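S.K.: Residue numbers (my numbering): 472 to 686.
Calculated from the structure, these hints are not laboratory results. Mixed in with the good hints there might be a few duds.
Derived PhoX-like pairs (lysine-lysine); straight-line CA-CA distance at most 20 Å [unchecked claim]: (1) K582 / K572; (2) K625 / K510; (3) K477 / K601; (4) K571 / K601; (5) K625 / K543.
Label pairs and their calculated CB-CB ranges [claimed, not checked]: (6) K663 / N559: 36 to 42 Å; (7) T560 / N640: 36 to 42 Å; (8) K477 / K663: 37 to 43 Å; (9) Y555 / D590: 22 to 28 Å; (10) K571 / K636: 42 to 48 Å; (11) T476 / Q654: 21 to 27 Å; (12) E541 / D480: 16 to 22 Å; (13) K677 / P627: 14 to 20 Å; (14) S653 / T560: 33 to 39 Å; (15) Q669 / Q574: 33 to 39 Å; (16) I475 / Y519: 16 to 22 Å; (17) E679 / K572: 30 to 36 Å; (18) T670 / E521: 25 to 31 Å.
The structure presented is a predicted model; accordingly, all values stated were derived computationally and were not measured. Positions of the beta carbon are idealized from the N, C-alpha and C atoms, including for glycine.
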Amino acid sequence: MINITKTNDGSYTLYSSHHDELYHSKHGARTESEYVFIKNGLKKHHHYKEISILELGFGTGLNSLLTYLESKHQTILYTSIEAYPIPNTTHNQYLETLPKKEQNSYQSIIKAPWDKHHDISPNFTLHKQKSLFQTMKLTTTYDLVYADAFSPRKQPECWTTDIYKKIYNHMNPNAILITYCSQGLFKRMLSKLGLTVQTLAGPPGKREMTLATKR
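Please work from the sequences and hints to get the whole structure.
M.R.: The following block contains the structure:
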């Protein structure tokens, strides 16, 4: 079962009873996404005219929306992997929690077909892929990776060496992998794959997060 819940910054997220975990932080869903994936991810590559992004875990679509809202000055190809899409009825409920000015954009993202490239705007192409991470098909290379699955404690099968080796092999030089996760085992695994790993200050309620760069 999936329920909508309000977080401390006034934005909303979803709670998965199956994983016993929120999709985003209770300390602020939007604040977390903006801080982790936009400020410390997308904006690190603000000088790129074109950028290819891989997201692990489409979830509510919040990261996609926030990235789209930043796409006026960049051309973005956004690939998002999700094995278990949220029901449309839940997406429609979540839509009502968003600012009115963002609702049309969110609807365009949610209504985009799965397993096809779809132009949300001239600057933003979305490819939602319905797949397990273990069997995802990566057909291009990426400048930025958003790792946003449920935590390793709740979903360890989504944080394995095999998955991240595949991702590493599809990362461009100077590509960034950004995630809220700061687990030591995960960071050591990224380092062994050849990424340069940094520990950054985390969003509200979380002491640390991880940024990894392919040199």
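S.K.: Hint numbers the structure violates, sorted upward?
M.R.: 2, 3, 4, 5, 16
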